[in-house]
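Peer 1: Chains as they are written, first to last, in the numbering used here: chain Z, 1 to 398; chain H, 1 to 131.
Just so you know, the hints here were simulated from the structure itself, not pulled from any lab data. Mixed in with the good hints there might be a few duds.
Stated by the list, open to error - In silico lysine-lysine, DSS-like type, Cα no more than 25 Å apart, as pairs: (1) Z:K22 x H:K13; (2) H:K41 x Z:K381; (3) H:K8 x H:K61; (4) H:K8 x H:K78; (5) H:K78 x Z:K13; (6) H:K13 x H:K75; (7) Z:K114 x H:K75; (8) H:K61 x Z:K379; (9) Z:K317 x Z:K342; (10) Z:K94 x Z:K379; (11) Z:K381 x Z:K93; (12) H:K41 x Z:K379; (13) Z:K13 x H:K61; (14) H:K113 x H:K11; (15) Z:K381 x Z:K94; (16) Z:K381 x H:K61; (17) H:K74 x Z:K363; (18) Z:K216 x H:K61; (19) Z:K22 x H:K11; (20) H:K61 x H:K75; (21) Z:K7 x H:K11; (22) H:K41 x H:K113; (23) H:K8 x Z:K22; (24) Z:K93 x Z:K363; (25) H:K41 x Z:K19; (26) H:K8 x Z:K19; (27) Z:K22 x H:K75; (28) Z:K196 x Z:K274; (29) Z:K22 x H:K74.
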Amino acid sequence: MSEMGLKLTDEEKEMLEGKHGKATQKAIEIITTLGEIYGAGRLIPVTSVQIAGVSYHNLGEAGLEYLSEMAVDGRARVLTTLNPAGMDMLEWKKHGISEDFAENQQRVVDAFEKMGVVTTCTCTPYLIGNLPHYGEHIAWAESSAVCFSNSVIGARTNREGGPSALASSLTGRTAEYGFHLEKNRQAQVGYEIRAKLQNTDDFGLLGKAIGDRTSKQIPYITGVAHATTDQLRSFCASIATYGGVALFHMEGITPNRTTVPDITESVTDDDLDKARSELDDEAAEIDFISVGCPHASIGDVARIAEMLDGKQVSEGKTVWITTAKPTKDVAIKMGYYDKIEKAGAYLVSDACCAVAPLEGRFKGLMTDSAKACFYARGKNKFDIKIRTVEECIKEALS
Amino acid sequence: MTEFQGRKIYKGKAEGVALVTAVDISFYGGVDPETGEVVEKDHPLEGKSVAGKVLVMPSGKGSTVGSYVLYALKKADKAPLAIINRETDPVIAVGSIISEIPTVDNIEIEKIKSGQRVEVDADLGIVSIHE
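Next up, chain Z with everything else stripped away, as it sits in the complex (with noise of 0.2 Å):
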């Protein structure tokens, strides 16, 4: 290891060596490996970690095999949270969940509770109680948590997959390489928005609109006026789908420094436009609505309840709103579940649209978020209709 450039302290060491255990002794060479491959220096200690691949429906038995293996002697020492699972815990079976499917999925989330993970199951973690500050070092996963952590907060990781973030929830570590640098986080190319930005759906179509031009440059992005953080949520969603972004500047709206790039494009109402008619498809028969990519916050909760309240979902059509367990608490504490659930609309915790096991079960997604319409028409080959919360659920309403 020495003579690839990359130091280890004694305690690094000793978890190469097999002295901590075995699952630590494989997390250890995970990070070890990955920061060689990107020249890193050393390890850096992270103060918290998100784990993506949750759902059984992606990971398979295989990969739950691995997390039972690592689960022997693997214990988390750092707060760590998980990414949702392919269903609610609970409520599983009035969503149409399968017996065979729950009790696999029940077994992934097990398996991460033995590790002393916090099995929160939701893409929002910054919402319900893991919220680094400006500054940290982190390792997530999850693109749109990434995107939003690096750039909304302005902590620091890179953008990790499911067993890398696993071991260094298990290590404590990570390598100091990419999105963990300075000189790695300054602005690339320059955004300068004259598109009216109202609704939420407008946020996840200018995320579109710069992340199909952008790949994985970091923008600058100018003239937002301003954001909410559920606004931002969805354009973290969004520009990380469509273009793998993992870190952007907004002008007076995000936290961080950076050098402001020469060249600036600019992006207009047509821009937005033309996100808008390349997610659509005509033709959709909506039946299926979802709103909640990422989960809903509280304050969408309520709104949507108040929309619902006293009304009934039409015949035939199928409505999830996803949002996190905790906030699902709230949600039935406040009255807002009762509000939904008695429309004929599901408050769907834990779960999402583009992770449950859906394929084949409908025609026609219509969402708020163009990060579902990726995966509603990728895996689930849905049609799909891109609108405001608003239109969705006039939608399940009409």
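Given the structure of chain Z, go ahead and fit chain H onto it with the hints provided.
Peer 2: Relative to chain Z, chain H alone:
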């Protein structure tokens, strides 16, 4: 015998027949985790199996779940004997580590042909071709 000096990604030694492609492989969705058959549509190796071969490709691509597919192949005895890359990506690197598949990169892979007998000493980062 031709010898190439590369870089160790994951330790171990192996010898076998090379299966070479100039196109990156996505293990998640691109390779059947039970049989080792490449199933990605229009991939040059479509229909061929990576099982028991020295797999030679530029790099990996696609979802990080791909690392778990390599692990599944290992458990099913359908994994490649070794992997040789031009530049190993994190999905393959992590997959090789968790599945304990000898892996080397920084190799001029265009000089290796399918069907050749190849020896991989990943500990030293050396790949040897028996003509």
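Peer 1: Decide, hint by hint, whether the structure agrees.
Peer 2: A quick look at each hint next to the structure:
Between Z:K22 and H:K13 the CA atoms are separated by roughly 22 Å; this keeps the pair inside 25 Å, and the hint holds. Between H:K41 and Z:K381, the direct Cα distance comes to roughly 16 Å. Compliance with the 25 Å bound is thereby established for this hinted pair. Under the criterion of a C-alpha separation no larger than 25 Å, the hint pairing H:K8 with H:K61 is consistent with the structure, at around 20 Å. Between H:K8 and H:K78, the direct Cα distance comes to roughly 22 Å. Compliance with the 25 Å bound is thereby established for this hinted pair.
Among the hinted pairs, H:K78 with Z:K13 is inconsistent with the structure: their alpha-carbon atoms are about 33 Å apart, more than 25 Å. With a C-alpha separation of about 19 Å, the suggested pairing of H:K13 with H:K75 holds against the 25 Å cut-off. The hinted pair formed by Z:K114 and H:K75 meets the criterion: a straight-line CA distance of about 23 Å does not exceed 25 Å. For the suggested pair H:K61 and Z:K379, the alpha carbons sit about 17 Å apart, so the restraint of at most 25 Å is met.
Annotation: proposed proximity of Z:K317 to Z:K342 holds, straight-line Cα distance about 15 Å (limit 25 Å). With a CA separation close to 23 Å, the supplied pair Z:K94 and Z:K379 stays within the 25 Å bound. Our distance criterion of 25 Å between C-alpha atoms is met by Z:K381 and Z:K93, whose separation comes to about 23 Å. Taking the CA atoms of H:K41 and Z:K379, the gap is near 15 Å; set against the 25 Å cutoff, the hint holds.
Under the criterion of a C-alpha separation no larger than 25 Å, the hint pairing Z:K13 with H:K61 is inconsistent with the structure, at around 31 Å. Between H:K113 and H:K11 the CA atoms are separated by roughly 23 Å; this keeps the pair inside 25 Å, and the hint holds. Restraint check for Z:K381 and Z:K94: satisfied, since their Cα atoms lie roughly 23 Å apart, inside the 25 Å limit. Restraint check for Z:K381 and H:K61: the C-alpha separation of about 22 Å stays at or below 25 Å, so the hint holds.
With a C-alpha separation of about 37 Å, the suggested pair H:K74 and Z:K363 falls outside the 25 Å cut-off, and the hint is violated. For the suggested pair Z:K216 and H:K61, the alpha carbons sit about 15 Å apart, so the restraint of at most 25 Å is met. Taking the CA atoms of Z:K22 and H:K11, the gap is about 17 Å. The hint holds against a cut of 25 Å. Proposed proximity of H:K61 and H:K75 is supported: the alpha carbons are some 22 Å apart, at most 25 Å.
With a CA separation close to 19 Å, the supplied pair Z:K7 and H:K11 stays within the 25 Å bound. Among the hinted pairs, H:K41 with H:K113 is consistent with the structure: their alpha-carbon atoms are about 22 Å apart, no more than 25 Å. For the proposed pair H:K8 and Z:K22, the alpha carbon gap of about 21 Å is at most 25 Å, so the pair holds. For the proposed pair Z:K93 and Z:K363, the alpha carbon gap of about 21 Å is at most 25 Å, so the pair holds.
As the CA atoms of H:K41 and Z:K19 are separated by approximately 45 Å, the hinted pair breaks the 25 Å bound. Of the pairs offered as hints, the one joining H:K8 and Z:K19 holds, with about 23 Å between alpha carbons and a cut-off of 25 Å not exceeded. With a C-alpha separation of about 18 Å, the suggested pair Z:K22 and H:K75 falls inside the 25 Å cut-off, and the hint holds. Pair hint Z:K196 plus Z:K274 holds up; C-alpha atoms about 14 Å apart against a cutoff of 25 Å.
Proximity of Z:K22 to H:K74 is assessed by CA-CA distance (about 18 Å); at most 25 Å being required, the pair is judged to hold.
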